Each structure stands twice: as structure tokens, then as C-alpha cells.
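So the sequence lines, in the order shown, correspond to chains A and B.
Everything in the first sequence is counted per the UniProt record's numbering, starting at 1 for the first residue and increasing by one.
Everything in the second sequence is counted per the UniProt record's numbering, starting at 1 for the first residue and increasing by one.
Possibly wrong hints are sitting among the right ones.
[Unchecked claim] Pairs of lysine to aspartate or glutamate residues, derived as EDC-like cross-links and limited to a Cα-Cα distance of at most 16 Å, are as follows:
id: 1; chain 1: B; residue 1: 139; chain 2: A; residue 2: 388
id: 2; chain 1: B; residue 1: 139; chain 2: A; residue 2: 298
id: 3; chain 1: B; residue 1: 298; chain 2: A; residue 2: 273
id: 4; chain 1: B; residue 1: 298; chain 2: A; residue 2: 545
[As the list claims (entries may be wrong)] A few chain B residues that don't get close to chain A, going by computed Cβ distances all over 12 Å:
id: 5; residue: 35
id: 6; residue: 48
id: 7; residue: 236
id: 8; residue: 375
[Said to hold, decoys possible] With beta-carbon atoms standing in for the labels, derived distance ranges:
id: 9; chain 1: B; residue 1: 42; chain 2: A; residue 2: 530; range: 16 to 24 Å
id: 10; chain 1: A; residue 1: 408; chain 2: B; residue 2: 222; range: 29 to 37 Å
id: 11; chain 1: B; residue 1: 284; chain 2: A; residue 2: 97; range: 47 to 55 Å
id: 12; chain 1: B; residue 1: 246; chain 2: A; residue 2: 113; range: 44 to 52 Å
id: 13; chain 1: B; residue 1: 338; chain 2: A; residue 2: 99; range: 15 to 23 Å
id: 14; chain 1: B; residue 1: 246; chain 2: A; residue 2: 253; range: 57 to 65 Å
id: 15; chain 1: B; residue 1: 41; chain 2: A; residue 2: 181; range: 35 to 43 Å
id: 16; chain 1: B; residue 1: 338; chain 2: A; residue 2: 194; range: 46 to 54 Å
FYI, nobody ran anything at the bench for these hints, they're computed from the structure.
Since we're looking at a predicted model, the values are computed, not measured.
Virtual Cβ for every residue (Gly too), placed ideally from N, Cα, C.
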Amino acid sequence: MSEITCECGHVNPEGTVLCEACGKPFEENQHLNDNKPEQLLNMRYDGSARRSQTYQRTIVDKIWNFFSSVKIGVSIIIILVIASALGTVFPQEMYLPPGSDPTTHYKEQYGILGQIYYQLGFHNLYSSWWYLLLLAMLGVSIVIASIDRFVPLFKTLRKQKPKRHVNFMKKQRIFGETTSTDIDYKRLKKNLKSKRYKIHEEEGHLLAEKNRFSRWGPYVNHIGLILVLLGAMLRFVPAMYMDEFLWVREGETKEIAGTDGLYYIKNEDFILETYDMEDEANSQFQESLQNQSGPVPENYQTNAVIYERTDLPVVPGKEPELEKVREAEARVNHPIELDNGISLYQASYQQNEFSSMTFKLHDKGNEDTDYGQFTVNLIEPKDEYTLDNGTTIRLERYFPEFELQDGEPTQVSKFPRNPAFIFEVKVPGEETEVSFAGIGVNIDASGENDYKVGLVDFQTRDVTGLTVKRDYTLPIIAFGAAIFMIGVIQGMYWNHRRIWIQPKDTGVWVAGHTNKNWFALKKDIDRIVADTGIEPPVDQQEEKDEAERGNDDGIISDKQ
Amino acid sequence: MKQKGGMTMELSVISSNLLYASFFIYLLATFIFGATVKVSNEKTNHKVGNIGIGVTIVGFLTQIGYFVTRWFAAGHAPVSNLFEFMTFFGMMLVFGFIILFFIYRITLLGLFALPVALLVIAYASMFPTEISPLVPSLKSHWLYIHVTTAALGQAILAISFAAGLIYLIRQVNQEKATKRTRWLEFILFGLLCAVGYIAVGTTFGAVNYEATFEAPVNEQMTQITYEMPPIAGPADGELLTERAFGPLFETPGWMQGVNAPVKFNAILWSVFAGLVIYGVLRLLLRKRIAKSIQPLLKSASPRLVDEVSYRAVAIGFPVFTLGAIIFASIWAQEAWDRFWGWDPKEVWALITWLFYAAFLHLRLTRGWEGERSAWLAVIGFAIIMFNLLAVNLIISGLHSYA
Ligand code: HEM
Chain A
1 MSEITCECGH VNPEGTVLCE ACGKPFEENQ HLNDNKPEQL LNMRYDGSAR RSQTYQRTIV
61 DKIWNFFSSV KIGVSIIIIL VIASALGTVF PQEMYLPPGS DPTTHYKEQY GILGQIYYQL
121 GFHNLYSSWW YLLLLAMLGV SIVIASIDRF VPLFKTLRKQ KPKRHVNFMK KQRIFGETTS
181 TDIDYKRLKK NLKSKRYKIH EEEGHLLAEK NRFSRWGPYV NHIGLILVLL GAMLRFVPAM
241 YMDEFLWVRE GETKEIAGTD GLYYIKNEDF ILETYDMEDE ANSQFQESLQ NQSGPVPENY
301 QTNAVIYERT DLPVVPGKEP ELEKVREAEA RVNHPIELDN GISLYQASYQ QNEFSSMTFK
361 LHDKGNEDTD YGQFTVNLIE PKDEYTLDNG TTIRLERYFP EFELQDGEPT QVSKFPRNPA
421 FIFEVKVPGE ETEVSFAGIG VNIDASGEND YKVGLVDFQT RDVTGLTVKR DYTLPIIAFG
481 AAIFMIGVIQ GMYWNHRRIW IQPKDTGVWV AGHTNKNWFA LKKDIDRIVA DTGIEPPVDQ
541 QEEKDEAERG NDDGIISDKQ
Chain B
1 MKQKGGMTME LSVISSNLLY ASFFIYLLAT FIFGATVKVS NEKTNHKVGN IGIGVTIVGF
61 LTQIGYFVTR WFAAGHAPVS NLFEFMTFFG MMLVFGFIIL FFIYRITLLG LFALPVALLV
121 IAYASMFPTE ISPLVPSLKS HWLYIHVTTA ALGQAILAIS FAAGLIYLIR QVNQEKATKR
181 TRWLEFILFG LLCAVGYIAV GTTFGAVNYE ATFEAPVNEQ MTQITYEMPP IAGPADGELL
241 TERAFGPLFE TPGWMQGVNA PVKFNAILWS VFAGLVIYGV LRLLLRKRIA KSIQPLLKSA
301 SPRLVDEVSY RAVAIGFPVF TLGAIIFASI WAQEAWDRFW GWDPKEVWAL ITWLFYAAFL
361 HLRLTRGWEG ERSAWLAVIG FAIIMFNLLA VNLIISGLHS YA
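Can you build the whole structure from these sequences, using the hints too?
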């Protein structure tokens, strides 16, 4: 370790740019902060010794230096920006219309570009390995960059002394020399205090400082970010996160997924309300409602009863004994919350699903004849139905939602939205006949049937779709977000300001530094020195600008 | 019962009148700030600036009046459709300007920030303005909290654009045409497109122009009504209105939704009108527009303007994070059972957030203050506007407002 001993006596760690105690710039290390002799001092991290600037030999050093660079950090962020934007060019797979096949959908909808998009895996971009890798790199970069800077900055700010080196003072952006012996120090201190500066004194030299805590803002907010990222990662641990979906028909009681059979839910009623134009309470929406092509939904709601199973332990296959816990409503924006951390969200619905259909057997030519009726329960259809006259009707096939495709009946889904059946009708003493029956269809396959199976009645009910969620990562993520907010506010709404006042034989020197918002600091100092005999210091950067201006700023001076 | 209906009607009339009034008050304030450009005496300048900010505040209070009365009339906070959201955004822009004016007292900022707000408010009124009912997912207090905070954050960030623009017009060398002068002209052209769109929309609105098409939407024949002459018709559409102009071509099929052709047509009109206005201005001024404005900005200190631009980001970034990321997540968790779902609108909020995070980090690096930072402020504003308008138009997600 080659420590640097300053002329003020302070021993600094290797790689220090400005003496921790007096601020003297060490010649040999100025390049570390890109300082040039003729320029103002770069005050970043107060010239403290950062690991990344000091060691660059081993592979560990190289990795450390890579991730601690702000340039690399910003590059990662920009790549994330571009990647994220790419993911919105076409819809992600999860937002495709239900039932569409991604292998063909992108090509059909978006042509060759869509095809390429799909082939590159951009249809699942946000869960792709490389997107997650970018996020991981972001996290690593945040951690390393923060440690690299926080530790030395913290130490340096604690060791700083009011007495400053000449070269430190002169090369501050805000600097002024006053040649006068008539200076009112008492008033100066009073002014500083009234602006809430803390004053440290060393042999008549003053350091007035405020809001040092704001320097820690970035590190606090970075910790918050890391917590959010960790929380998001924990989602991949199965015990932390559960996401299930439940269709429950009206009148039906179902086990709530993910509760190990402990909880059940009954759907008493599913309600869909739409805005009623006639209702006086909606008069302000009159015009808007008239402009809509269809009714506007006002409420989706499931009236449910929650049950708990009492016959523990759960024996598979055994009919559960249930005890009512409570009645509850799930509405959009108002999920049902159970004691065990599970929430039930109103997520979807299916209206007017068929629950049962009643048929009668009659002569093919005469609808008024009636040889008996039977009712098919569409959730649990029986294989065979027997009529009073001994006729058996076998359910050969059942299509819950059927569609005719090229003349062939095909099953579109397993939900009874448009049921159809193939029946085998056996009237005692006659040949077996095959009939195809559904809503508005009745096909006689052979063309030689004597009988017909005709629909006489049906019942419908609504089905509610609920998501079942339990997410133990939420508290971690929320906590991280809160820490992040505290950190950004701390770093953004306050700034760290320091004013150094150094008595000299000829008068007094004043210098000022802030980590942001120089005009505000300048205003502070001007007010503080106003009635003390000290001349207001100047913004050396602004002066330099002014000197350079006019030469190259391209403004055509019309008059003047 | 009858009475309630009458009263809400009356309230909504008062409300829209207040909005009109605030618009003209902002316009007046803009002219007052404009007058400070010619005043070289610092004292007088200060005085005129005080009058300007006073008028601005009166306008702001008037617009608050609009907001509150409309809230009463609707029974919910008026931030639930694109008209309401953009109007609110305009109001927050003025608020952001007021904050930064009191920190830095630069009158020039008013000359740039207020016109942006005026543009946004006028643009908003191109969308359907009637009070609309809330669909179930929007019925949440978190909606108001999220939308208002997000809009405030975006508005303060947009002030950074106004300051950045001052910086660029002031600083970009106009002696000869370069890449930088061309980009600068392009930014001004973009603003003129918004002006053009408003002019075209208002004109055809005043004469109640309508042209109706019948076209297949999701395999169903649907009537689509244009309120501007159709340059681009709906794909496979048939014009029903007699003696109507156009269409010259069809809207590309990948733009989805019933309103896509209408919106696409509106974009074409605004580009066309923007080109015309820009062309006329160039002919009148006989030089680049930025070059013509530049001498007026001579009194501005570039470093101060740069600090204002940066300060706006520093103030706006936390507000934006809170509103557009955190409150948005809380609401999404309640309404859609997931706090983050990679919906395009959400992704673009994330992009905005990441972009401004990159901006803040670049500011820590030497050489990124001043001009580069001003360009970044412009890009940031472009991203915000893209999220506001283009994502609704081109990529329709769960947040489809319009
Ligand atoms: C989305 C990701 C990030 C966010 C939202 C974020 C946020 C912030 C904010 C708000 C600041 C304060 C800036 C200022 O005061 O002007 C900051 C500072 C900083 N960030 Fe980040 N950051 C992120 C990622 C990173 C990464 C990847 C790095 C890695 C190089 C990094 C390194 C730094 C450094 C070195 C500082 C300055 C610390 C100081 O001034 O003491 N940040 N960050």
C-alpha cells in the first residue's frame, strides 16, 4: 500500500486525488479525475480514493472496474430501453387473442416482419434469457458502482477539515478573494446559521456545510432498486408465488386452487351491470352512452360464499365436510382476501352458458307427437337415457361447443356454449337410429330415420372467472419501492452545499461547492456575505463561458 | 330527480367555459412574457415578469375551476379519457412552470412553456369531450391518484424540454446548415404539426364535416365516420357519403381497431398542415426558423437555462416514479391482479423512467451538461408524447383511452 502523506500531515489511502483533510490536489493522481492544470477541479466524490480507479491488475479488478463505470451502467440502461421498446412493436404472446396460435398468428397478421419477430423470440421478450440477463447486469452494476463510491466518499466527508489548501480554494467553481481587513465574522456566522449551515471552525478557518445527508440519496435509492429486483427474482421460487385460475359456475362449489383442499368457494350469483341510459343518475353520461356502439359495463361482480373444510386431514376422494366462513363479493378493483394471504380477483366471465337441455322424441314428420322427454345435464351428461316407453337413448358423442367445419362437427372448446349431441335412439322392436341434435340443427345422418330428437327447453347460467393469487414477494417489492422513493427524494430535493472561508493576511478567500444547482448556491452565498464586508465570489465557470461566448456562438449581432 | 340532471348539465357548461377562459388567459400571459424579450431594463423586466406570472396564476386557478366543476358534474375525477387527461396534463404543465419560475425567475421560460401547454390543451379538445362513464376497472381511487401524479411528473419533465429548447435555439450555431440545425428545425416542425392539426380539426369541426365509410373491422361490416376529409380510407372500405373527397389510399392493415384509420388520417393531416405552415414561415422569414428566433434569446444565460432544464428533471423524476410506476403498480395489482404486466403503456412508462434515469447519470459525467443534455431533454419529451398519443393510436393495450 503506497499511502500518501499530505503536507498538512494527513495520511491518505492510495489513489487519493484530493487530500481528505485539506483538499490539496496530489499531482500524481490528477489524471484519475481527468483534471487538467488550467481547469477547475473536478470535485467528484471529493477526490476520494476509489477502488476502481486505483487497482486494475487482476481479473477481479477488471470485472469490478467494468461494472463500477457509469458509462457501462448507462449503456445497460439504454440497451434495456431499446429492448423494451422492441417488445412493444407487436403484441407479446400473452396478449394475443385467446385461441390464436403464435406459430402462425404473427406471420398472418404482420407478414414477414411478424415472422422474424416470432423467430427471434421477441414475442416473449420480457421473459427471455437475455432480457433477464440485462436486468441482472443492471443489478450487479448498481451494487458494485455504489460500493465503489459510497465507502470512500463517506470516509472523506467525515475527515474533511475547515482549513483548505490554496490550490483547492482557487480551483473551486465558486471562488472570490476579498482584500479588506474590515470583515464582520460575527455577522457572517449569524447569516450562515440563519441559512441553516453547520459551521466547523479550525484556527479561524470556516467550513459551513448543509444537507450532507442528501449525498447518500443515490445509495439509498440503489438499495431500494436492488430490493425490488431481488423481490422480482423470488417469484421464480414456487413457494413465494401462486397464480391460478378458477371457473366457477353459478350454484357450483369448487375447491380453491392452491389451498391444499382447505378452502372452497361457491358462486351464488354472477352480476354484470351496464349503464342504464334511462336512469337519471346517469344523465351526465347521456351523450357519451349514445355514442357507444354497445352497452357500457358498470360492474362485474361475483357473490360468493367461502367455506373451510373441517374433516382434516384431507382424504383424497372423500366428500369434503364444509363449514361456511363468510359471504364475500369479488368485484373488479375489490378482490376477496382470505386470511391465508390468498386473494380472489374478478377476472373474467362467461354469460348464459347452458346448464341443461331437455329433448323429446317425436315422429320425424309430426312435431306434435311425444314419445317421452329427457334432460341432459351438460356438466355431467349420462351415457344413456331411458324413456317411459322403454326407448333407450345413448349419448354417442357430446360437443360442448361445436362448429361445423367442412360439414364435419368439430369441438371448439370444452365449455357448453353451443352444445350438440349425437344420439343413438333405440325404440323397442325397431332399428337403432342415429340423430345429430343441437341448437337450431337437427340432422338425420342416414336420411331414413322415423324419429327425431327435438329440443324443447334449456337452462342457462353464468360462469365467473376468478384468478387466485398469493404473492409473498409483494411486501419485499413494496418495501424496496418505498426505500427507492426515500432515496430519490433525499438526493433530488436537497443538495449538499459547502462554503469555505479562509482568512488571509490580505483579507479573506471564499469558495463554494454544491453537488447540483449552482445558481441556488450562488444566491445563498451572495445573501450570506451581503453585509459582512466580503465581496460576493464569482462563478468561475460562468466567467469562462462569457469569455468564450461571442466568438463561436453563432449569434448575429444586429444592433448594439 | 329532474333537478339533478339540470344541474349537472349546467355545471358541465360552466366547466367548459372555464376551460375556454383559462386558455385565453394563458394566451394573454404568453404575450406578456413575450414582451419581456424586448425589455432590456432589468427592473421593468422584473415588473412585466410579475404581471406575466400573475396572469398565469389566474389562468391556472380558472382551469382548476374547470377541473372541480367537471368533477362535480361527472361524479368522478375528470381524468378518465384522452380529452380529460390531456387537459389535465396541460394544467400540470402550467403548474410545473409556475414552480420553476419561482425558483429561477426566468421570464423566457414562460414564452416557451406556456405555448406547449396551450398546444396540449387545444390538442386535447380535438378528442371527444363529453363526460364518459367509468368502466369497472377504472373505478378506483388509485386511478385518480395514479393518473394525476403521473401527469404531474410528466409535465414537470416537459418543462425540462421547454428549457432545453431555449438552450438549443440560443446555442446551436446558425451560421451554416448542419445536422444540428436540421434537427432543431425538425423539432420546431413537429410542434407546428400539432398547430396544423388543431387548425385543420377546428376548421372542419366548424363546418361539421363528415364522411362515412363502411368497412370490415374484425370481419364485421362497421360504419366509420371521418371528421376530416379522408386522405387514407379504412382498409377495404367503401365511401358512403356522396361528393366526399378521397380517399387517396388505404390505411395499412396492421393498424388495429375501429378508430385506427381515423387516427391515421389525422396524423397525415397534421403532417401535411405542419409542412404547409412551416413552408409559409420559411418563405416569410427567409431563414431557418430557429435562426429567426435566436436573436430574441440573447439575454438568456445558457448555464442558467441548462440548470433549469436539469432541475426540472430532478424535480420531475421522483414525481414521475411515484405516479407512473409505483401508484400505477398498486392500481394494476388491484384491478388486474398483477402489479406489472408488460402492457405497452406500462412498458413505455418504464422506458420513460429508464431514459430519465440515464439522463441523470449522464449528467454526472463531464461533457454532458449544456447542449447534449438539452438534446436529451427533447428526446425525453418525445418519449412522453409517444406514450401519450402513439401508444394509444398504434399499439392498443389495456389502457386504450381513446
Ligand atoms: C434503473 C436504474 C437506476 C436508477 C433508477 C438509478 C437512480 C439514480 C439516481 C436517481 C441517482 C441520483 C442522481 C443525481 O443525484 O443526479 C443515481 C446516482 C448514481 N447512480 Fe444510479 N440508478 C440506476 C442505475 C445505476 C447503475 C446501473 C449504475 C452503475 C454504474 C448507477 C450508478 C450511479 C452512480 C455512480 C450515481 C452517483 C452517486 C453519487 O453521486 O454519489 N446507477 N442513480
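A quick look at each hint next to the structure:
no.	hint	result
1	B/139 - A/388	55 Å, violated
2	B/139 - A/298	9 Å, holds
3	B/298 - A/273	62 Å, violated
4	B/298 - A/545	14 Å, holds
5	35	18 Å, holds
6	48	21 Å, holds
7	236	16 Å, holds
8	375	14 Å, holds
9	B/42 - A/530: 16 to 24 Å	18 Å, holds
10	A/408 - B/222: 29 to 37 Å	31 Å, holds
11	B/284 - A/97: 47 to 55 Å	52 Å, holds
12	B/246 - A/113: 44 to 52 Å	28 Å, violated
13	B/338 - A/99: 15 to 23 Å	22 Å, holds
14	B/246 - A/253: 57 to 65 Å	60 Å, holds
15	B/41 - A/181: 35 to 43 Å	37 Å, holds
16	B/338 - A/194: 46 to 54 Å	52 Å, holds
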